[in-house]
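In order, the protein sequence lines correspond to chains A and B. Taking this note's numbering, I'd label the letters of the first sequence as residues 1 to 197. Taking this note's numbering, I'd label the letters of the second sequence as residues 1001 to 1197.
Check each hint, because a few of them may be wrong.
[What the hints assert, rightly or not] Straight line, CA to CA, 30 angstroms or less: simulated DSS-like cross-link-like pairs of lysine-lysine:
| id | chain 1 | residue 1 | chain 2 | residue 2 |
| --- | --- | --- | --- | --- |
| 1 | A | Lys81 | A | Lys131 |
| 2 | A | Lys81 | B | Lys1081 |
| 3 | A | Lys21 | A | Lys131 |
| 4 | B | Lys1081 | B | Lys1049 |
| 5 | A | Lys131 | B | Lys1081 |
| 6 | A | Lys21 | B | Lys1081 |
| 7 | A | Lys81 | B | Lys1131 |
| 8 | B | Lys1010 | B | Lys1131 |
| 9 | A | Lys49 | A | Lys131 |
| 10 | B | Lys1049 | B | Lys1131 |
| 11 | A | Lys21 | A | Lys10 |
| 12 | A | Lys81 | B | Lys1010 |
| 13 | A | Lys81 | A | Lys49 |
| 14 | B | Lys1081 | B | Lys1131 |
| 15 | A | Lys10 | A | Lys131 |
| 16 | A | Lys21 | A | Lys81 |
| 17 | A | Lys81 | B | Lys1021 |
| 18 | B | Lys1021 | B | Lys1081 |
| 19 | B | Lys1010 | A | Lys10 |
| 20 | B | Lys1021 | B | Lys1131 |
| 21 | B | Lys1010 | B | Lys1021 |
[Claimed, not checked] A partial selection of chain B residues facing chain A, derived with a Cβ cut-off under 8 angstroms:
| id | residue |
| --- | --- |
| 22 | His1028 |
| 23 | Gln1029 |
| 24 | Leu1035 |
| 25 | Tyr1043 |
| 26 | Ala1063 |
| 27 | Pro1075 |
| 28 | Val1106 |
| 29 | Ser1110 |
| 30 | Arg1111 |
In case anyone wonders, no lab produced these hints; they're calculated from the structure. Note that the structure is predicted; figures quoted are calculated from it, not measured. Even glycine gets a Cβ: it sits at the ideal position worked out from N, Cα and C.
Residue strings, one per chain:
Protein chains: 2
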Amino acid sequence: MNFLEERILKDGQVREGDILKVDSFLNHQLDIALLDQIGEAFYEHFRGKNITRVLTVEASGIAIAVPTARRFGVPAVFAKKARSMNLDGDLYTSVVHSYTYNVDNVLTLSRRYIHADDNVLIVDDFMANGKAAQGLIDICGQAGAQVAGIGIAIEKGYQNGGRLLREAGYDLCSLAIVDQMQTDGTIRFRAQEFSGE
Amino acid sequence: MNFLEERILKDGQVREGDILKVDSFLNHQLDIALLDQIGEAFYEHFRGKNITRVLTVEASGIAIAVPTARRFGVPAVFAKKARSMNLDGDLYTSVVHSYTYNVDNVLTLSRRYIHADDNVLIVDDFMANGKAAQGLIDICGQAGAQVAGIGIAIEKGYQNGGRLLREAGYDLCSLAIVDQMQTDGTIRFRAQEFSGE
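With the hints as extra help, turn the sequences into a complete structure.
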């Protein structure tokens, strides 16, 4: 097991409704040392990819993107979830359905902050059906930028987001893939090999 | 001038409607080295305050809170702006009006992530009328926690949020206080002294 799988077993909680609560360290209270380890793990995996920009979506993705971008020495940029009055009209947009909240979100990103010569690393805290990642991929495509890889902290492996992205050929690194979880606290992770283990 | 004032003059843009756009480095695209400097400046100001927790509000506040919490070696926690289906019912809440979007937001924070023995440093990227900070202060009060200080990247000094908090006795450190700005690009900062300058 890696550091994140161990932490999920220690502090994660499985709740009714397919909810894995990790809000004591990942997406409400933030364990900064753990976030740095996540950034380091993504760096180990994607360091050969000439990453020029780390892209995520607000809000909890920002906590992953900042230490990751620091490690690569590149800017981070986060897509916003609704059209902001403070954003210029000159935006890339992509409509993404959120199953958590059962609403359509419009992801928006200023055209100034992603370019055709970018090698983009997309990061986020969670992936289930992969809709948010696909929205960010869509935006990269609109910009003509290359998606060099996708780094996810926790993937729900029993949903199809990760499978579809891997089948499409993306370099997807999920630090913990939950293949099964039960409200009695049982969590089964997919076996993976990480460099440095 | 300090590093942030210099950056605002270099890359900030004043727009109609009292908007200071700093989205090329602070709240859309993120300059990680600059965020680290902000965290360091808050550490210099508040290092004697025995800070145990850094508190902010999603989304762009997270980018300020993460490097600040790293520098202090404490957890960060961010309030969410609406009741989330993934949050427990056991929440502190505070209603905050957003003038930017003309809506009432409910700030929510799990009772598990702030305690009566905490010395809290509240941080955010912007302060205008101070409503978000007041909502976070309200939540600290509900928890019985001490507000040890408030660190803001950019304060609009011609609005009354900062004045009211200083008059109420809070230790408010705003790294750049804009006293006047015009759409021709003129920005006047309030003179302040910072340690290390």
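Tested hints:
1. The hinted pair formed by A/Lys81 and A/Lys131 meets the criterion: a straight-line CA distance of about 13 angstroms does not exceed 30 angstroms.
2. Distance restraint check for A/Lys81 and B/Lys1081: the Cα-Cα separation of roughly 13 angstroms lies within the 30 angstroms cut-off, and the hinted pair is therefore satisfied.
3. With a C-alpha separation of about 20 angstroms, the suggested pairing of A/Lys21 with A/Lys131 holds against the 30 angstroms cut-off.
4. Pair hint B/Lys1081 plus B/Lys1049 holds up; C-alpha atoms about 28 angstroms apart against a cutoff of 30 angstroms.
5. The straight-line distance between the Cα atoms of A/Lys131 and B/Lys1081 is roughly 22 angstroms, inside the 30 angstroms bound, and the hint therefore holds.
6. Straight-line distance between C-alpha atoms of A/Lys21 and B/Lys1081 comes to about 18 angstroms, which keeps the hinted pair within the 30 angstroms bound.
7. Among the hinted pairs, A/Lys81 with B/Lys1131 is consistent with the structure: their alpha-carbon atoms are about 22 angstroms apart, no more than 30 angstroms.
8. A distance of roughly 28 angstroms separates the Cα atoms of B/Lys1010 and B/Lys1131; the hinted pair therefore holds under the 30 angstroms criterion.
9. About 24 angstroms separates the Cα atoms of A/Lys49 and A/Lys131, which keeps this hinted pair within 30 angstroms; it holds.
10. For the hint linking B/Lys1049 to B/Lys1131, the alpha-carbon distance of about 24 angstroms falls within 30 angstroms, and the restraint holds.
11. Simply put, A/Lys21 and A/Lys10 have alpha-carbon atoms about 12 angstroms apart, close enough for the 30 angstroms limit, and the pair holds.
12. In summary, the hint linking A/Lys81 to B/Lys1010 is supported, as the alpha carbons are separated by about 28 angstroms, within the 30 angstroms threshold.
13. Straight-line distance between C-alpha atoms of A/Lys81 and A/Lys49 comes to about 28 angstroms, which keeps the hinted pair within the 30 angstroms bound.
14. Restraint check for B/Lys1081 and B/Lys1131: satisfied, since their Cα atoms lie roughly 13 angstroms apart, inside the 30 angstroms limit.
15. Among the hinted pairs, A/Lys10 with A/Lys131 is consistent with the structure: their alpha-carbon atoms are about 28 angstroms apart, no more than 30 angstroms.
16. Among the hinted pairs, A/Lys21 with A/Lys81 is consistent with the structure: their alpha-carbon atoms are about 22 angstroms apart, no more than 30 angstroms.
17. Taken as a hint, the A/Lys81 and B/Lys1021 pair is honoured in the structure, with Cα atoms around 18 angstroms apart against an allowance of 30 angstroms.
18. Note on B/Lys1021 and B/Lys1081: the hinted pairing holds, with a Cα-Cα distance of about 22 angstroms set against a maximum of 30 angstroms.
19. Our distance criterion of 30 angstroms between C-alpha atoms is broken by B/Lys1010 and A/Lys10, whose separation comes to about 47 angstroms.
20. About 20 angstroms separates the Cα atoms of B/Lys1021 and B/Lys1131, which keeps this hinted pair within 30 angstroms; it holds.
21. A C-alpha spacing of about 12 angstroms is found between B/Lys1010 and B/Lys1021, which places the hinted pair at or below 30 angstroms, so the restraint holds.
22. Given the 8 angstroms rule on beta carbons, the hint for B/His1028 holds: about 6 angstroms separates it from the nearest Cβ of chain A.
23. About 4 angstroms separates the beta-carbon of B/Gln1029 from the nearest beta-carbon of chain A, less than 8 angstroms, and the hint is met.
24. The interface hint given for B/Leu1035 holds, since its Cβ lies 7 angstroms from the closest Cβ of chain A, which is under the 8 angstroms cut-off.
25. Interface hint status for B/Tyr1043: violated, as the beta-carbon distance to the closest one in chain A is roughly 13 angstroms, over 8 angstroms.
26. Because the closest C-beta pair between B/Ala1063 and chain A is about 5 angstroms apart, less than 8 angstroms, the hint holds.
27. Interface restraint check for B/Pro1075: the shortest CB-CB distance to chain A comes to about 5 angstroms, inside 8 angstroms, so the restraint holds.
28. At a threshold of 8 angstroms, the smallest CB-CB gap from B/Val1106 to chain A is about 15 angstroms, leaving the interface hint violated.
29. Interface hint at B/Ser1110: satisfied, since its Cβ lies 6 angstroms from the closest Cβ of chain A, which is below the 8 angstroms cut-off.
30. Hint status for B/Arg1111: violated, given a least beta-carbon distance of 11 angstroms to chain A, over 8 angstroms.
Of the hints listed earlier, those the structure fails to meet are numbers 19, 25, 28 and 30, in rising order.
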